[in-house]
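So the protein sequences, as listed, match chains A and B. Each position in the first sequence, counted from 1, maps to that position plus 296 in this note's numbering. Each position in the second sequence, counted from 1, maps to that position plus 1300 in this note's numbering.
Treat the hints with caution; some may be incorrect.
Derived Cβ-Cβ restraints for the label pairs, each shown as a range [what the hints assert, rightly or not]:
#, chain 1, residue 1, chain 2, residue 2, range
1, B, 1812, A, 313, 45 to 55 Å
2, B, 1952, A, 313, 37 to 47 Å
3, A, 650, B, 1747, 55 to 65 Å
4, A, 576, B, 1406, 36 to 46 Å
5, A, 391, B, 1815, 28 to 38 Å
Listed below are the simulated BS3-like cross-link pairs for lysine-lysine, each with C-alpha atoms no more than 27 Å apart in a straight line [said to hold, decoys possible]:
#, chain 1, residue 1, chain 2, residue 2
6, A, 298, B, 1303
7, B, 1570, A, 311
8, B, 1723, B, 1303
9, B, 1635, A, 299
10, B, 1726, B, 1664
11, B, 1303, B, 1635
12, A, 299, A, 486
13, B, 1358, B, 1303
14, B, 2195, B, 2328
15, B, 1879, B, 1635
16, A, 486, B, 1570
Honestly, the hints are just simulated from the structure, not real lab data. Just so you know, even glycine gets a beta-carbon here, dropped at the ideal spot from N, CA and C.
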Amino acid sequence: MKKRMLVLEDGNVFKGFGFGAEKETIGEVVFNTGMTGYQESITDQSYNGQLLTFTYPLVGNAGINRDDYESIFPTTKAVIVKEFARRPSNWRSRMNLDEFLTEKDIPGLTGVDTRRLTRVIREHGAMKAILTDFTEETDALIDRLKSVTLPTDQVAQVSTERPYVSPQNGRRVIVIDFGLKHSILHELNKRGCHVTVLPHDTKVDTILNLKPDGVMLTNGPGDPKDLPYAHDMIRELQKHVPIFGICLGHQLIALANGADTFKMTFGHRGFNHPVREIATGRIDFTSQNHGYAVSEESVDNNELRITHIEINDGTVEGLRHRRYPVFSVQYHPDAAPGPHDAADLFDQFIEEMDAWKVEETNA
Amino acid sequence: MPKRTDIKTIVVIGSGPIIIGQAAEFDYAGTQACLALREEGYEVVLINSNPATIMTDKEIADRVYIEPLTVEFISRILRKERPDALLPTLGGQMGLNMAIALNETGILDELGIELLGTRLSAINKAEDRDQFRELMRELNEPVPDSDIVHTTQEALDFADSIGYPVIVRPAFTMGGTGGGLCDNEKELRDIVGNGLKLSPVNQCLIERSIAGYKEIEYEVMRDSDDNAMVVCNMENIDPVGIHTGDSIVIAPSQTLTDKEYQLLRDASLKIIRALGIEGGCNVQLALDPNSFDYFVIEVNPRVSRSSALASKATGYPIAKLAAKIAVGLTLDEMKNPVTETTYAQFEPALDYVVAKIPRWPFDKFETGDRTLTTQMKATGEVMSIGRTIEESLLKAVRSLEIGVSHVQLAELDHLDDDQLINKTVKAQDDRLFYLVEAIRRGYPVEELASLTKIDLFFLDKLLHIVEIEQRLTEGRWDLDLLAYAKSYGFSDWKIAELWNATEDEISQFRVMHELLPVYKTVDTCAAEFESSTPYFYSTYEEEQESLVTDKQSVLVLGSGPIRIGQGVEFDYATVHSVKAIQEAGYEAIIMNNNPETVSTDFSISDKLYFEPLTVEDVMNVIQLENPVGVIVQFGGQTAINLAEPLQKRGVKILGTTVEDLDRAENRDEFEKALKSLSILQPEGGTAVTEEQALTIASSIGYPVLVRPSYVLGGRGMQIVDNAADLSRYMNDAVRISSEHPVLIDRYLIGEEVEVDAICDGEQVLIPGIMEHVERSGVHSGDSMAVYPPQRLSQNVIDTIIDYTERLSLGLNCVGLMNIQFVIHEETVYVIEVNPRASRTLPFLSKVTGIAMAQVATKAILGQSILDQGYTPGLHTLSSMVHVKAPVFSFSKLNKVDATLGPEMKSTGEVMGSDSTLEKALYKAFEASDMRLPEHGTVLFTVADEDKNEAADLAARLVNIGYSITATEGTARNFKERGIPADQIEKTGNPEDQSYDILDLIMSGQVNLVVNTMGKNIEAVQDGLSIRKSSIEKGIPLMTSLDTVSAIISVLESRTFTTSAL
């Protein structure tokens, strides 16, 4: 294996060996604490532009299978592990992680002290980093890093360019793709929804002309403030149709309704985050992947109500509109990877759509 | 929900003596629970019969009862204490069974005592096979085809209908007792017959075998608000078919995709919610390696061995939180004790790999059946933490203390390939070594995977270890390669072997190149949150997380895995030592590798290093911590054996010096010391050859007691009657070397006495003298011990005190010393001196009220006995009589001879205390399940030389209304002396259909079997099958006439004399 290293903006260097694609890459380095689900995570478009570190040291044990993709062309910038399994073992496995990353043109770094890296990120926050072979002096690399501006058009990079349909015979749901995970489609289809996926910048009229029963705003990468057009779209859309927002979709709903978002130090990436539903006290373990969050004090109480919080750091995890059938969560009820505890939110979405329909008919 | 205020006093039931399947993990759980309840302000009353536990320390509960765990005694305590509630789910199967039994008697209702934690109905649903299957059907959770049977015939019929192989699981037994995998009718007959008998409800489950499936466990918790979560999941390397207690286990699971992980998580949470568990629970599942099909195997509705493992593997204290849940607190209002910033409602994320390997007793039970089945056979376990599977496994292997520092057994070298493969398929305790050897010989791992059903993933890790071995051979003194091997857990010892160097050379080379391990924290959260847990493991990576403070520290070495001869007693001493070190103003650091114990609870010490106890691993910690010294006296032979090599490397051993330790253990040195002190010992000598041995024996006369030097629990110790047997012993039984000669002593018949003493170098404190019920020849650990002594003359006691003082001072003991004496014809002989904490330390500490390990530790640290407020000499005697009785696990181990001798066989102990010897003995017998009715039948079959003595015992039994049955010779002897006795045939040949002694035993019509070992081969064979049958049938068996005499005295004391005029 070729020597390869990771250099962080703050000067920290992690030396290891390269695997996967052979190329240099720059992005934001983050960590994920899940002990399973690396295939789903790597293919999650919310990791667009990010160098993804797994805190669990052994990655790729069950190989890569044909089913557990969350996107077809993942855009995660790099994968950083303590060790990848050279010989995975699982009945569904088709290749090992090395082969997969090579195929998807994603570089990997193995043999590093990922716990140290995690602690650095925890202390100093997610930061820019470069993954490279041993070619340049560290100082030069850091200078380069500092001069790099990370892209802000991440959603445009990962969203579908043209609409497509994932047909079923039930309710008509429009999914606005900001970087959607397949699991969202899966959950909707499972409940019989006829899903039409539209690009991230679809105009509100186009959406409404399709006469949806409900609209799903998906997860996606980057800063929600980079998508002002989406805020406008949501402000109008919410007057006409039930909306369910997940992750980035949740943040966009907040921004559309006067709340603010902020960049967290190192975010929530993992699936052991306990979230309390304020109304019932019920706690779910949730799958999360976000670096931004809705600031609690900014939530305009005339427009929105906080429905869920993370029990440890109090992060706003769920919102509901006070006047419209609009609700959102910061986490992934679609799991994949992670616990299924919150899957009933999709049922709730179905109920909202049905209730709204009855109201419309009566009105 | 806030905690309940309507209850004030809570009774906690412990798990009783340590037996296979129910070990130190319940001391850990019970201790945590009691402390947690007290922390919440409740008054805690603890009942446990096992004195060798931290939980039975006065400080742990408001009131501690060391009384038999029987309905009779617990009821008495309940009536006296009138508690508001009872918490039974932290005392293992014993605690649960007691709760069920108490409830049935109605006493709980009568006294208005509420059962806390999981409700009884839920316990029944989980434990009763029928109800459990019914529940699984309701939940739509799959269980393997199975049927409940109450007779062997039902079992055979059902097996015919679903086909072999089948698994037998007896209801309400712990550790899979009596269960097993059956390939055919004969095996089923044997196993189910035994299983039905062992099940308290005479019920077994016959189940379709799913052997070969992946075995996955989930440790889950739930509170009264229905918050539920997974603490940890684990994957057994050994697939379904081997009891999880006997399996090598990895945490977290390794070969599951997230889909499979979540599928089984969903099932586990669904089950725990349906059962309404309030506390901890363990769910075992079997997953098809080739599909998403799975089965629920079993649910343990309580804290278990697995939950102790999960607690140590994650840092998440399950038992502590389970106790708090039981009083109404919920997971989302309690803090995670590890981070102290996040809540307990948190599924831990690991960033390391944990490996658990069981420790089996077959080094001591050489004749035992080593095959692994669904019945657990291990006595203990080790755990290790690393960043890769290879690292964790290799660290675990060298933690086992089975004489290897790597996954390699020298004796496998000369096996042929067929034998090797055979052993990898038919799993025994040492299968891991066979697997690696097969890989070393070039067997493709794919082939091994298909033969063993062990996942290819794990076999590839073993292959990687072998590859590293090969690369090391080719790249001597290559620093990169060395770093690579170290990062995968290779020991210096193994590298030295491959590089034809010494371990020291490798270590120096490493140190020179600054190739040292760092210590990482176990923090439940994969470093996502800050945590100050002082719980560390080593690995060869970059960041050092263990920060050394300015405070002076003392390192205490623990005792490793629990095995026969080195049990929980040593963990008890370790924990006490830590307490004293802290009180003396030092930072106390523990190294240990046993996940079951209290000492490896990170809240006990200032720092816990969860590491193997080898010279290399200890030195690494010492190099970092630079403690003022190391205390080795409390960690049993494990720690003592490290003293010399550590001192050689410049480490200060605190307390008795290495030279003086050696003087006590080295026969010649010891003899010299005794001579100079003019203290008598049985004549004897040391031999390294057969000739030497024979010469010594003939000069002192047979019988002689032979044993290897430096042993634990009398391993390899025998009484030898003649030259032929001695030759056989020297040739076969032991591996002799000049470093480890064999000791040969005259065997003196007499009373055995044991003393533990504490010496500060100038004064000697003798907390107490213990007298054994059984005469010399039975290992002290297997004898019943009585304190204070009842039969010793003042003269003998004075001599013992005098000898003890002289020995302690003469051998320059600083700290603890254990001395064993034999009193032969009123003369006191010293038979053994152990310059360390002994097995009897907890018992004696409890009955005398002297926290011996603490006093000794303070003496070691320089505080004199007088300064500590104690008067030297023999401590004031207790006004009560206390009896310590051994408890055995023979019913778990096939083909292990139950006869008592110089080699230790017991796994645990109980204590009985009362105002008279008979009452104390009664309690001890009750607590150890040696129960005799008011009248009944006793079967005698004894050796010729014992017949007269046996006759006296028989006469006493007849006198109190017992009838006697005996084999021919014994019966004749009895009748000649006017004792009525029914005669029974000896074991006949298999074709002989006549009713013989085995039929009688199996009929269950005898209440006690008395069997002493004869000298001729036929009698030996007979004896073996008699003892085996008694064990199988659960009939009390006594192989020492002294024990029989003791139990008769108990019966006599309970009986009114009825004599005709």
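Verification of the hints:
no.	hint	result
1	B:1812 x A:313: 45 to 55 Å	violated, 25 Å
2	B:1952 x A:313: 37 to 47 Å	holds, 42 Å
3	A:650 x B:1747: 55 to 65 Å	holds, 58 Å
4	A:576 x B:1406: 36 to 46 Å	holds, 40 Å
5	A:391 x B:1815: 28 to 38 Å	holds, 35 Å
6	A:298 x B:1303	violated, 58 Å
7	B:1570 x A:311	violated, 44 Å
8	B:1723 x B:1303	violated, 54 Å
9	B:1635 x A:299	violated, 43 Å
10	B:1726 x B:1664	holds, 21 Å
11	B:1303 x B:1635	holds, 14 Å
12	A:299 x A:486	violated, 45 Å
13	B:1358 x B:1303	holds, 25 Å
14	B:2195 x B:2328	holds, 8 Å
15	B:1879 x B:1635	holds, 25 Å
16	A:486 x B:1570	holds, 21 Å
In terms of the numbered hints stated before, the structure departs from hints 1, 6, 7, 8, 9, 12, listed from lowest to highest.
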